[in-house]
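Engineer: Residue numbers (the working numbering), protein chains in the order written: chain A, 87 to 402; chain B, 87 to 402.
A portion of the hints provided could be inaccurate.
Note that the list lumps identical chains together, so a pair holds whenever it fits in one copy or between two copies.
Taking lysine to any residue pairs in the SDA-like style, the calculated list, with each CA pair at most 25 Å apart, reads [to be verified]:
{"hint": "1", "residue 1": "Lys365", "residue 2": "Ser261"}
{"hint": "2", "residue 1": "Lys163", "residue 2": "Arg143"}
{"hint": "3", "residue 1": "Lys163", "residue 2": "Ala121"}
{"hint": "4", "residue 1": "Lys300", "residue 2": "Met367"}
{"hint": "5", "residue 1": "Lys109", "residue 2": "Val126"}
{"hint": "6", "residue 1": "Lys300", "residue 2": "Ile128"}
{"hint": "7", "residue 1": "Lys163", "residue 2": "Gly235"}
{"hint": "8", "residue 1": "Lys214", "residue 2": "Ile233"}
{"hint": "9", "residue 1": "Lys236", "residue 2": "Arg314"}
The hints are simulated quantities; they were obtained by calculation from the structure and are not laboratory data.
Number of protein chains: 2
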Amino acid sequence: MYIIGVDIGGMSVKGGIVGEDGKILCKAGVETKTASEPDVIIADTVSLINNLMQKARLKIGGIKGLGLGIPGAIDSKRGVIVYSNNINFINVPIVERLRGYFGELPVFIGNDANAAALGEMRFGAARKYLNAVFVTLGTGVGTGIVIDGKLFEGVSSAGAEGGHTVIVADGEPCSCGRRGCFEAYASATALVRQTKAAMEKHPDSLMSVIAREKGRVNGRTAFLAAARGDVAAQEVINRYIGYVGEGIVNLANIFRPEVILIGGGVSNEGDALILPLQKIMDERCYGIHNGNPRVLVEKASLTNDAGILGAASLAL
Amino acid sequence: MYIIGVDIGGMSVKGGIVGEDGKILCKAGVETKTASEPDVIIADTVSLINNLMQKARLKIGGIKGLGLGIPGAIDSKRGVIVYSNNINFINVPIVERLRGYFGELPVFIGNDANAAALGEMRFGAARKYLNAVFVTLGTGVGTGIVIDGKLFEGVSSAGAEGGHTVIVADGEPCSCGRRGCFEAYASATALVRQTKAAMEKHPDSLMSVIAREKGRVNGRTAFLAAARGDVAAQEVINRYIGYVGEGIVNLANIFRPEVILIGGGVSNEGDALILPLQKIMDERCYGIHNGNPRVLVEKASLTNDAGILGAASLAL
């Protein structure tokens, strides 16, 4: 039997057909039309799922369940997207809506970062831990929290929004309405903003050359320029990592997990990101010089497929 | 049968003999000699307990257990104060040390804010909730977290340090070694610092008059002056409450509890503190305008005796 995992993100809707061992049979994706009505994204999701089943030559009877990971406040018990500012959904009973298309197929939803946490626990790096905080550095910053092997979601699944905790009072505006959230400083979106600001200030930096080569500024621009020795880019990276560090040390002091797992697009930078974060953690985590247990910082192992595998794990 | 609760704080060691119904038979306190060796504080604690038993005419056989609430990283399972920066204890096996004085009496320890959370759950306002975050605004800022009716402490009881989460990156130095922690802005200590700074800037403010009347600046100075219409004092209060608000909305977004309970010395200001905090919570909590459940802000009900009752509840 197979499961289908669909990850609805701010940039794309990605789906895959997944075996119970975590092997992905096939996958596909479409751009997220965030400016449109929820109906358009739902219709695109339905087409994506049908295409996947065709591609894998599977009928609905061969599918055990469908899991959807969605950014924002997702009431997993009621099957409702309560509020998702990245894709502009408010109070959408998506499980009920999808039931119209797939008959008796069980449909499960969850916050995308929570789903990623579940996926890492089931299929990835977190298999060996009981207590972990997952931090996804993507369009936004999501956090998924595992306590004693179980997902922690708060009342009405509305908690675990670590991306929406202020780390710079009165700082940059955040999509949630507050100012200075972790997300507003540590998302890939924030990194692009920080990179662009540095490029304006240092027009001769390698960052401009790389951005021209790639056709645009993205989350990799400053990392690539820094790796080639560009000083202004290294400053961007140091500052960005400093912000990520503040956020993850905060989460470590609150949850004191065994590990903080870093996922999302920016985590593909690997050691250039993870090693300085571990250094910050080892320097600043509460009581760390006085006998409190160390908190590890590791790259989430599922990276590119984390969304699909996480979503799929909701249906297991 | 009775229990003894002892609350070791940065300013004083307070103890009480408590009935299983939460009634306090008698209580006493001594100043905390923080500059001395841990031995001095332990000896003072032992005298305090002996005095309490004499006062209540109770012998060790009439006592069911002894609970101690202590600030910092307390490994409740091992009975060790791992690290307490407020009272300068590092790796002190206090349960073993006290056993030498009280024979077979069961001794339990816990972080003071966690103990306060337990106390409120057992004896106070939180009895009607299953999910609560307790925030103590005292010498430091402690947080105690109750999830589904149980204390959450993290690995080695080293979590739940919400006071040590940065809300102002690169801000005021904190006793934990970081800069800009919630504690460095929202403790009574921070409020005194903010009040003094405003008094220097506005020497004609009522705050100076009140401080002279009372003999010193304390956490009440600005609240008292603001209540009498002093504009500079009101600015101090608004800014202070703004910082407390950032911290509690952060905790609400992470835990999404039913209630945030405010305790500690500053909570005695009552509605002047709680009502503006509820307003901030209702305005800024994640997804609150889009269907996410409301998080209540309430004054912890045990206030002055919270430390003693919390510590006592550790022994129940």
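Engineer: It remains to establish, for every hint, whether it holds in the given structure.
Structural biologist: Going down the list of hints, with the structure as the test:
1. Taking identical chains as interchangeable, the C-alpha atoms of Lys365 and Ser261 lie at most 25 Å apart only when they sit on different chains, with a minimum of 20 Å there against 30 Å within one chain.
2. For the homomeric pair Lys163 and Arg143, neither the shortest alpha-carbon distance inside one copy (31 Å) nor that between copies (55 Å) is at most 25 Å.
3. With identical chains, the CA atoms of Lys163 and Ala121 are never at most 25 Å apart, being 28 Å at best within one copy and 53 Å at best between copies.
4. With identical chains, the CA atoms of Lys300 and Met367 are never at most 25 Å apart, being 33 Å at best within one copy and 43 Å at best between copies.
5. For the identical chains of this complex, Lys109 and Val126 are neighbours neither inside a copy (29 Å) nor across copies (62 Å), given an alpha-carbon limit of 25 Å.
6. In this assembly of identical chains, the alpha carbons of Lys300 and Ile128 never lie at most 25 Å apart, being 32 Å within a copy and 65 Å across copies at closest.
7. In this homomeric assembly, Lys163 and Gly235 come within 25 Å of each other (Cα to Cα) both inside a single copy, at 19 Å, and across copies, at 20 Å.
8. Within a single copy, Lys214 and Ile233 get their C-alpha atoms as close as 13 Å, and across copies as close as 24 Å, so both meet the 25 Å cut-off.
9. Taking CA atoms no more than 25 Å apart as the test, Lys236 paired with Arg314 passes in neither setting, with 42 Å inside one copy and 51 Å between copies.
Of the numbered hints listed earlier, those contradicted by the structure are 2, 3, 4, 5, 6 and 9.
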